[in-house]
Amino acid sequence: MSRQMTGAKMVVQSLRDQGVDVVFGYPGGAVLPIYDEIFQQNEIRHILVRHEQAAVHAAEGYARATGKPGVVLVTSGPGATNAVTGITDALMDSIPVVVLTGQVPTFMIGNDAFQEADTVGITRPCTKHNWLVKDTANLSGTLHEAFHVATSGRPGPVLVDIPKDVQFASADYTPPAQAKTSHYQPRVKGDTAAITELVAALEEAERPIFYTGGGVINSGTAASQLLRELVDATGVPVTSTLMGLGAYPASGRNWLGMLGMHGLYEANMAMHDCDLMINIGARFDDRITGRVDAFSPGSKKAHIDVDPSSINKVISTDIPIVGDVAHVLEDLLKIWKSRGRKTNRAGLEKWWAQIGDWRKIDCLAYTDGGRTIKPQHAMARLEALTKDRADRYICTDVGQHQMWAAQYLGFEAPHQWMTSGGLGTMGYGFPASLGVQMAHPDALVINVAGEASWLMNMQEMGTAVQFMLPVKQFILNNERLGMVRQWQELLHGERYSHSWSEALPDFVKLAEAFGAKGIQCSDPADLDDAIMEMIRHDGPVVFDCLVEKHENCFPMIPSGEPHNKMLLGENAETGDAIGTKGAVLV
Amino acid sequence: MSALQIKKGSSRHSAYNLRPQFSDVQETHTLAVLVDNEPGVLARVIGLFSGRGYNIDSLTVAEVDHTGHTSRITIVTTGTPQVIEQIKAQLGRIVPVHDVHDLTVEGPSVERELALLKVRGEGNNRVEALRLADIFRANVVDSTLDSFVFEITGPPDKIDAFADLMRPLGLEEIARTGVAALPRGAKGAE
Chain A
1 MSRQMTGAKM VVQSLRDQGV DVVFGYPGGA VLPIYDEIFQ QNEIRHILVR
51 HEQAAVHAAE GYARATGKPG VVLVTSGPGA TNAVTGITDA LMDSIPVVVL
101 TGQVPTFMIG NDAFQEADTV GITRPCTKHN WLVKDTANLS GTLHEAFHVA
151 TSGRPGPVLV DIPKDVQFAS ADYTPPAQAK TSHYQPRVKG DTAAITELVA
201 ALEEAERPIF YTGGGVINSG TAASQLLREL VDATGVPVTS TLMGLGAYPA
251 SGRNWLGMLG MHGLYEANMA MHDCDLMINI GARFDDRITG RVDAFSPGSK
301 KAHIDVDPSS INKVISTDIP IVGDVAHVLE DLLKIWKSRG RKTNRAGLEK
351 WWAQIGDWRK IDCLAYTDGG RTIKPQHAMA RLEALTKDRA DRYICTDVGQ
401 HQMWAAQYLG FEAPHQWMTS GGLGTMGYGF PASLGVQMAH PDALVINVAG
451 EASWLMNMQE MGTAVQFMLP VKQFILNNER LGMVRQWQEL LHGERYSHSW
501 SEALPDFVKL AEAFGAKGIQ CSDPADLDDA IMEMIRHDGP VVFDCLVEKH
551 ENCFPMIPSG EPHNKMLLGE NAETGDAIGT KGAVLV
Chain B
1 MSALQIKKGS SRHSAYNLRP QFSDVQETHT LAVLVDNEPG VLARVIGLFS
51 GRGYNIDSLT VAEVDHTGHT SRITIVTTGT PQVIEQIKAQ LGRIVPVHDV
101 HDLTVEGPSV ERELALLKVR GEGNNRVEAL RLADIFRANV VDSTLDSFVF
151 EITGPPDKID AFADLMRPLG LEEIARTGVA ALPRGAKGAE
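As they're listed, the protein sequences go chains A and B. Going by our numbering, 528 is the number at position 528 of the first sequence; the sequence numbering is gapless. Going by our numbering, 80 is the number at position 80 of the second sequence; the sequence numbering is gapless.
Next up, chain A with everything else stripped away, as it sits in the complex (with noise of 0.2 Å):
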């Protein structure tokens, strides 16, 4: 039974059939009817966001705490312009972001008509796949495959631009069910062969690690759930990416907390000292192995991942496994038990014996700062009086704040971390952090934020009082681009060129000009009170927490270096620590 209707409901219709409920968006000539449509119903919702980047930050925030795909829909020309930052986040991060994009009429594209952009020729490159549908009969088709493209395999952003006259023009309508199957079908299962292979590794290895990522987080609480049962099973220890943390619970004992640049002492010793490395959906980013020639050098390699072109990208992996970690580490667990389930007890009895005394170094000790609070001590704060709460969802902006919150805070469950881990845009949080708020509503959800990072989205304070979103946001501020002015001071000289800022707003009367909340502390002992106060406000908050200005974020890998060169706290030699090939790096 087909229908006709115009391509503007299509659009609103294709939306309801894919159990859309939400969608963020700025209205603009291109786009006029479409939200025509949404006027018109009451199923799905609109946010009318501030600018669109935030749009698509927001899709990305309700995407990663939901496990759906975020929706954007955004005019043409500047609107799809300004969402480029945002579909290039998500496409960094593998987060599935359904984009729609109003476009001039068919008939004056390549005119240089007002507010025409080559939408799909500039979003070419940082979405997963894009289309310029110039037909309404192929609209409701289209619409379906981007849900598709956007939510298999890797998932990723998608772009669907439509023109304004295929708006308005009618056709029949395609619901899903009837629509063609795509022929885009990546692999989820694994082979079996190599996963064999890497259960009789397992069994023998004398020091094993899992190294986990994002990839368990996309691929559904169900890889969570078997990441835990492996881990806990076979007693071996777990470390995690920035974006993988809460698939395996901060609480659990085999946890060693995050690796990388910033990451733990024991985590990144048990990298690079490790005989099996297991590397499940994460991608041996640049962050994760530092200098790639000293990558844990005496390791056997095995690598899960639904995207063949992550393996042998930049570490050469001797066990590579093609496939969804979800269905990969069903097919492991089962190998496992039906061999027996051995693993190499003497070896790892002593392998977590030199854990211990890796840990014992406690390289997230720092310096109590008097009457000064120090950024480390506000997160230790923020996770004693909210680590109880199972609806506790965190978003960061990027810098030294972001690191501090993935170091200090502990995740306990997939889902409630959002962060810009592989683009690493400043003003990612705010955004993110009503996203995630339309999907949780009555949650606590939290913006741990540096005052640079947040001022690049901060008018979407209107947004946030307009649909009434309770988000705190939780600045550290020490009036400087904190991470920047860090590697000035390692790398540069301590010139600190253009790492301040100068004329920062009241960030309380701020937010009272919006209408929300505005808190400051800066003495630790009203912190708790302050904290307490920011969490039983019924509505947004602005949470200005003046720190330290010149805490510099430690641990931290230098640039160049490997895993094994770490530099501690406060009383480790920095100077010249980066050598003028390792300052190219960034």
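Since the hints were derived computationally from the structure, they do not count as laboratory data. This structure is a prediction, so every number in the text was calculated from the model and none was measured. Positions of the beta carbon are idealized from the N, C-alpha and C atoms, including for glycine. There's no promise every hint is true.
Claimed, not checked - Taking lysine to aspartate or glutamate pairs in the DMTMM-like style, the calculated list, with each CA pair at most 25 Å apart, reads:
id : chain 1 : residue 1 : chain 2 : residue 2
1  : A       : Lys313    : B       : Asp65
2  : B       : Lys88     : A       : Glu43
3  : A       : Lys68     : A       : Glu349
4  : A       : Lys189    : B       : Asp102
5  : A       : Lys300    : B       : Asp57
6  : A       : Lys342    : A       : Glu197
7  : A       : Lys180    : B       : Glu38
8  : A       : Lys300    : A       : Glu349
9  : A       : Lys134    : B       : Asp57
10 : A       : Lys180    : B       : Asp36
11 : A       : Lys189    : B       : Glu85
12 : A       : Lys134    : B       : Glu27
13 : A       : Lys134    : B       : Asp24
14 : B       : Lys88     : A       : Glu349
15 : A       : Lys180    : B       : Asp65
16 : A       : Lys180    : B       : Glu63
17 : A       : Lys337    : A       : Glu479
18 : A       : Lys313    : B       : Asp24
19 : A       : Lys313    : B       : Glu63
20 : A       : Lys9      : A       : Glu43
21 : A       : Lys180    : B       : Asp99
22 : B       : Lys88     : A       : Asp307
23 : A       : Lys313    : B       : Asp57
24 : B       : Lys88     : A       : Asp526
25 : A       : Lys189    : B       : Asp99
26 : A       : Lys313    : B       : Asp102
27 : A       : Lys374    : A       : Asp526
28 : A       : Lys134    : B       : Glu85
29 : A       : Lys300    : B       : Glu85
30 : A       : Lys301    : B       : Asp65
31 : B       : Lys88     : A       : Asp285
32 : A       : Lys313    : B       : Glu38
Stated by the list, open to error - Taking CB as the label site, the calculated pair distances span:
id : chain 1 : residue 1 : chain 2 : residue 2 : range
33 : B       : Glu151    : A       : Asp135    : 35 to 43 Å
34 : A       : Ala200    : B       : Arg184    : 46 to 54 Å
35 : B       : Gly185    : A       : Ala353    : 55 to 63 Å
Unchecked claim - What the simulated footprint calls covered on chain A by chain B, stretch by stretch (three residues with Cβ under 8 Å from a Cβ of chain B suffice, anywhere in the stretch; the number is not a length):
id : stretch
36 : 346-360
37 : 477-491
Following the hints, position chain B against chain A.
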């Protein structure tokens, strides 16, 4: 904690440019890429090569199945074995790409290229050009009293050799199609 301190200026290497795990031997491979014939698909393939810094030695593309809307792109590329593997994996990731075949490793294949060469000359040079064209089995497709246009097909090195010989005889201009390739034997790449 002193044992953990690192010496001043001890870092001499860049994490990005040291790749000793992989062989640095450069290899040339011919890839057959079967794609949906839809707008932008060639831009996606070319954008992948330029965006990730891979080489294109030659590239040909044309629709090969009108009813099935499929095109075949033949790419000749040069890189280390690891880069070639990456290129194939990255091509396979493109949504409208159905299949990627590395004809260089999947058994013997035939590679052919067509070229048109304009040669200007008089007297002995003109006679010599015609004689060489005969040896290379090139056809004359256009002629004036002081010029020829030759059509020649063959593997790229044959065309290189012919062009080298024509150069002193008055080679004016050359147009090449790039390589088209198929596996030998009864079995297709599909």
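Verification of the supplied hints:
1. Lys313(A) - Asp65(B): Cα-Cα ~34 Å, so violated.
2. Lys88(B) - Glu43(A): violated (44 Å)
3. Lys68(A) - Glu349(A): violated (41 Å)
4. Lys189(A) - Asp102(B): holds (24 Å)
5. Lys300(A) - Asp57(B): Judged against 25 Å, a Cα distance of about 36 Å means the pair is violated.
6. Lys342(A) - Glu197(A): holds (14 Å)
7. Lys180(A) - Glu38(B): holds (16 Å)
8. Lys300(A) - Glu349(A): holds (20 Å)
9. Lys134(A) - Asp57(B): violated (34 Å)
10. Lys180(A) - Asp36(B): At roughly 15 Å apart (the allowed maximum being 25 Å), Asp36(B) and Lys180(A) satisfy the hint.
11. Lys189(A) - Glu85(B): holds (21 Å)
12. Lys134(A) - Glu27(B): Violated: Lys134(A) and Glu27(B) sit about 42 Å apart, past 25 Å.
13. Lys134(A) - Asp24(B): violated (46 Å)
14. Lys88(B) - Glu349(A): This hinted pair is violated, its Cα atoms lying about 43 Å apart.
15. Lys180(A) - Asp65(B): holds (19 Å)
16. Lys180(A) - Glu63(B): Holds - the C-alpha atoms of Glu63(B) and Lys180(A) are around 22 Å apart, at most 25 Å.
17. Lys337(A) - Glu479(A): violated (55 Å)
18. Lys313(A) - Asp24(B): Cα-Cα ~14 Å, so holds.
19. Lys313(A) - Glu63(B): violated (32 Å)
20. Lys9(A) - Glu43(A): At roughly 13 Å apart (the allowed maximum being 25 Å), Glu43(A) and Lys9(A) satisfy the hint.
21. Lys180(A) - Asp99(B): The given pair, whose Cα atoms are some 19 Å apart, holds under the 25 Å limit.
22. Lys88(B) - Asp307(A): Given pair Lys88(B), Asp307(A) holds - Cα atoms ~12 Å apart, limit 25 Å.
23. Lys313(A) - Asp57(B): holds (22 Å)
24. Lys88(B) - Asp526(A): violated (58 Å)
25. Lys189(A) - Asp99(B): Holds - the C-alpha atoms of Asp99(B) and Lys189(A) are around 19 Å apart, at most 25 Å.
26. Lys313(A) - Asp102(B): holds (18 Å)
27. Lys374(A) - Asp526(A): OK: Lys374(A) and Asp526(A) at ~13 Å, within 25 Å.
28. Lys134(A) - Glu85(B): violated (36 Å)
29. Lys300(A) - Glu85(B): Answer holds: Lys300(A) to Glu85(B) is near 20 Å, not above 25 Å.
30. Lys301(A) - Asp65(B): violated (43 Å)
31. Lys88(B) - Asp285(A): holds (20 Å)
32. Lys313(A) - Glu38(B): Status violated; Cα separation ~29 Å.
33. Glu151(B) - Asp135(A): 35 to 43 Å: Holds - the Cβ-Cβ distance for Glu151(B) and Asp135(A), about 41 Å, lies within 35 to 43 Å.
34. Ala200(A) - Arg184(B): 46 to 54 Å: violated (39 Å)
35. Gly185(B) - Ala353(A): 55 to 63 Å: holds (60 Å)
36. 346-360: That given contact is violated, which follows from only 0 residues of the stretch 346-360 of chain A lying within Cβ reach (below 8 Å) of chain B.
37. 477-491: violated (count 0)
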